[in-house]
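Starting from the two chains in their separate frames, assemble the complex, guided by the hints.
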Amino acid sequence: MGAKAIQSLKPIKRIHAHLCAFHFYAHDMNRQVEAHHYCTHYNQDMRQCLIYDSPEKNARLIGVEYIVSEKLFQGLPDEEKKLWHTHEYEVKGGILFMPGVPKVAENKELDEVAKTYGKVFHFWQYDRGDALPLGLPQLMMSFTEDGQLNPNLASSVEKRFGVSFKENAEGRKHITGPSMGIHPSSNPWLKGIGLKPELREVDLKEKL
Amino acid sequence: MGQHVCTWAIFSHDMSRKIETHHHVARLNEDFCQCAVYDSDESNARLIGVEYVISEKLFESLPDEEKQLWHSHFYEIKEGLWFNPGVPELVQQQELKSLAKTYGKFWCTWQFDRGDRLPLGPPALMMSPQQVEPGRIPDEMVKTRDAKYDISTSNRAVKRETSIEGPASFHPLSDRWMTTGKGWAVDLKEVPIALGGSTPLATLDAAQPHP
Numbered sequence: 001m002g003a004k005a006i007q008s009l010k011p012i013k014r015i016h017a018h019l020c021a022f023h024f025y026a027h028d029m030n031r032q033v034e035a036h037h038y039c040t041h042y043n044q045d046m047r048q049c050l051i052y053d054s055p056e057k058n059a060r061l062i063g064v065e066y067i068v069s070e071k072l073f074q075g076l077p078d079e080e081k082k083l084w085h086t087h088e089y090e091v092k093g094g095i096l097f098m099p100g101v102p103k104v105a106e107n108k109e110l111d112e113v114a115k116t117y118g119k120v121f122h123f124w125q126y127d128r129g130d131a132l133p134l135g136l137p138q139l140m141m142s143f144t145e146d147g148q149l150n151p152n153l154a155s156s157v158e159k160r161f162g163v164s165f166k167e168n169a170e171g172r173k174h175i176t177g178p179s180m181g182i183h184p185s186s187n188p189w190l191k192g193i194g195l196k197p198e199l200r201e202v203d204l205k206e207k208l
Numbered sequence: 001m002g003q004h005v006c007t008w009a010i011f012s013h014d015m016s017r018k019i020e021t022h023h024h025v026a027r028l029n030e031d032f033c034q035c036a037v038y039d040s041d042e043s044n045a046r047l048i049g050v051e052y053v054i055s056e057k058l059f060e061s062l063p064d065e066e067k068q069l070w071h072s073h074f075y076e077i078k079e080g081l082w083f084n085p086g087v088p089e090l091v092q093q094q095e096l097k098s099l100a101k102t103y104g105k106f107w108c109t110w111q112f113d114r115g116d117r118l119p120l121g122p123p124a125l126m127m128s129p130q131q132v133e134p135g136r137i138p139d140e141m142v143k144t145r146d147a148k149y150d151i152s153t154s155n156r157a158v159k160r161e162t163s164i165e166g167p168a169s170f171h172p173l174s175d176r177w178m179t180t181g182k183g184w185a186v187d188l189k190e191v192p193i194a195l196g197g198s199t200p201l202a203t204l205d206a207a208q209p210h211p
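Protein sequences appear in the order of chains D and X.
According to this note's numbering, the first sequence holds residues 1 to 208 in order.
According to this note's numbering, the second sequence holds residues 1 to 211 in order.
Keep in mind that the hints are not guaranteed to be accurate.
Unchecked claim - Partial pick of chain D residues on the chain X-facing surface, computed with a CB cut under 8 Å:
#1 11
#2 28
#3 30
#4 48
#5 58
#6 68
#7 134
#8 139
#9 192
#10 195
#11 197
#12 198
#13 199
#14 201
#15 202
Claimed, not checked - Over 12 Å on every C-beta distance to chain X, these chain D residues come out as not near it, computed from the model:
#16 17
#17 20
#18 100
#19 102
#20 103
#21 155
#22 158
#23 170
Worth flagging that the hints you see were computed from the coordinates, not collected in a lab.
Note that this is a predicted model, so its numbers are computed, not measured.
From the three backbone atoms N, C-alpha and C, an ideal C-beta is built for every residue, glycine too.
This is chain X alone, in the form it adopts within the complex (with noise of 0.2 Å):
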């Protein structure tokens, strides 16, 4: 039905900004998983975006200008940053190793980081950790998540060096920022609304005055 994995993201517009993730896997098919992403597991987590998480070849399929919104997996998978709490790891070698070839893309909705207590503003998109930075993730952030977890990041990635294999290739528009130095941001802007024929503009009501 669904599992449960715990990682990073990193925010693309200031990718100093990174944060523990709790996904909800969904896996629709073989090539496609819808992720509802949580910032802890405790029951009062706050909802804070959803991740799409798609093959090798769905990923080619898309256009050129999509696949920059786009991130692979595979460094935080065989980091072992990316694990399934409570789970052994050879019940989720089948898995990791298809997941390790996947790309995703990851709009986060709540800021809290920054200290939102609402969430605010327009969703902003969301990169995956690498190896090189600003793509890393701190030490003492790992070490925090083993703490709570009792488990051994680096251990995990020792296993998961002879066991998990990448993708043939990177394609150079995921993860664009490797190449541009460049992050995305989404910002909303006002436009004339494209109303429905039964609702020209003249006949709108204001809204109630506000006392």
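Okay, chain D solo, but in the shape it has when bound (with noise of 0.2 Å):
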């Protein structure tokens, strides 16, 4: 089409990788959720993901992470770093992966993922049964061990990519986490914090 031809669409152009992981609702982590990210890099330390439901081609967006470097995390304030999560156990756990990329690839660039912080909201609960995005943006979580992805969603999605966590994880032993290991500030969840959005109505300024 015509219009297609045309239109200048560079950002969208410069999605560069598909990884596909699971996230969980950071007041709520019986809520899990699978999750195909979508990426570009915005510069050497910082990626930013749109998040579909699926890999097809009526995918619904469902949400947004950004993916730092430990130095850009470092350097945030403290009550901004507990609205993230590490991703050094979904790589080395073998629960993040690239659909359709060789594994020495695939790797390559999950070894530079594993020491990365991310921040994800989702905007669409349809595992709640929404056929629209409705209510307030969400902040997700991620898996820090084994045992806490819910096995039957686990066994779904290996099922349907041909993958297998275990063999993902086996070749991924060599991978390390964040240099200066998991800033406490980050996977608030972890001490049993959870992060829930409410809605605040605020009165607009008279004048401009």
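See the structure below:
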């Protein structure tokens, strides 16, 4: 179509990676969803990702994730750090993977990802049956050890994508997480702290 | 596959803050579009949020509480603020006629306009340009945008006056600030996390000590 040829969609054209992983709601670990990330490098220290519920053509755009290097994360105010989560376990545990990408290339990319921190919001709670993106933006978190990811969800993804998380993990033993260790302000849920959105009405300024 | 739309959005909790936006619009079906929103159309653009666009029909079906988070699109389309860079107006007309009657819900995840070098805090709800303050887009912003694309928004508005119709009526619950003079902000509250059955609080490991 003529429009497609002329239009400049540079930010979309720069999507360089498809990552499949799992998120849970920052206030409720029982609600876990599959998350397909389509990522671009904003710069060498940050990726920005569109999150879809599947890799299909009619996939729902359900959220956004920002992925930053340890260096950028350290510079965040402490109050902000608690909105972020780590990726070390997802990578080393084998549950984060790149569909269709050969292992060598996949592990090279994930070696970097394992050292990063992420901040993700979902806008569409299709997992509770919403046919439309209702309600408030939901902060999401990710897993930190074996036994947290629902085994049924795990095997459903493994089957559909023809992968084995156990095999993935075997091949990633050499991968390390953040060089300074996982910052205690991230993954606040590990201390039992959930984060839930609330709406607040504000008076608009009289004049501008 | 996708449209590139350039328009403006306004922060619901502080309507003095107006930003130019670049939407990559993907239509899923005749009633629904989903958009990745950027702060420019350059290859180094920031991903600043997501907007959902729905037909009048779908909007009517929303619970009243939900409707208050949405905004209408007619004004910004008829005024030419909303346009598709590089696409002849005629080619876009059918789609615009449909979009003029839609409602949008836009969460902004990166408040770059206040100087944030990284996306900080919870997402902010956005509203759309409207006829009355504080919904208007300053002339200088429109002029700057027009110069960049070598276009005339005012000429476009004249063309659209006769060719684009709005919805039969505007729902009083959308663009809520116009009735209440109030905006919406989102806060993240600390609550006890609900854990999976196999992860009692007692067995949670503390995070690694930070050197």
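Each hint, compared with the structure:
1. The restraint placing residue 11(D) at the interface with chain X holds, with a minimum CB-CB distance near 4 Å, inside the 8 Å limit.
2. With 8 Å as the threshold, the beta carbon of residue 28(D) comes within range of chain X, its nearest partner Cβ sitting at about 4 Å, so the hint holds.
3. For residue 30(D), the interface hint holds, since its Cβ comes within 8 Å of a Cβ in chain X; the closest pair sits about 6 Å apart.
4. Taking 8 Å as the C-beta cut-off, the interface hint given for residue 48(D) holds, the closest approach to chain X being about 4 Å.
5. For residue 58(D), the shortest C-beta to C-beta distance to chain X is roughly 6 Å, which falls under 8 Å, so the interface hint holds.
6. The restraint placing residue 68(D) at the interface with chain X holds, with a minimum CB-CB distance near 7 Å, inside the 8 Å limit.
7. Interface restraint check for residue 134(D): the shortest CB-CB distance to chain X comes to about 5 Å, inside 8 Å, so the restraint holds.
8. The criterion of a C-beta within 8 Å of any C-beta in chain X is met by residue 139(D), whose closest approach is roughly 6 Å, and the hint holds.
9. With a least beta-carbon distance of about 5 Å to chain X, the hint placing residue 192(D) at the interface is held under the 8 Å criterion.
10. Checking residue 195(D) against chain X: minimum C-beta separation of about 5 Å stays under 8 Å; hint holds.
11. A hinted interface residue such as residue 197(D) counts as satisfied when its beta carbon comes closer than 8 Å to some beta carbon of chain X; here the least separation is about 5 Å, so the hint holds.
12. The interface hint given for residue 198(D) is met, as the beta carbon of that residue sits about 5 Å from the closest beta carbon of chain X, less than 8 Å.
13. Annotation: interface hint on residue 199(D) holds; nearest CB of chain X at approximately 6 Å, less than 8 Å.
14. Hint status for residue 201(D): holds, given a least beta-carbon distance of 5 Å to chain X, under 8 Å.
15. The beta carbon of residue 202(D) comes within 5 Å of a beta carbon in chain X, closer than 8 Å, and the hint placing it at the interface holds.
16. Residue-level check passed: residue 17(D) sits 14 Å from the nearest beta carbon of chain X, beyond 12 Å.
17. Even its closest Cβ contact with chain X, about 19 Å, leaves residue 20(D) beyond 12 Å, as expected for a residue assigned away from the interface.
18. Consistency note on residue 100(D): stated as away from chain X, and its beta-carbon is indeed over 12 Å from all of that chain's, at 20 Å minimum.
19. Under the 12 Å C-beta cut-off, the non-interface status given to residue 102(D) relative to chain X holds; the minimum distance is some 27 Å.
20. No beta-carbon of chain X comes within 12 Å of the beta-carbon of residue 103(D); the shortest separation is about 28 Å.
21. Every CB of chain X is more than 12 Å from the CB of residue 155(D) (nearest about 16 Å), matching its label as outside the interface.
22. At roughly 19 Å, the least C-beta separation between residue 158(D) and chain X is larger than 12 Å, which holds for a residue marked as non-interface.
23. The beta carbon of residue 170(D) is kept farther than 12 Å from every beta carbon of chain X, the shortest such distance being approximately 23 Å.
Hint check: no violations occur; every hint is consistent with the structure.
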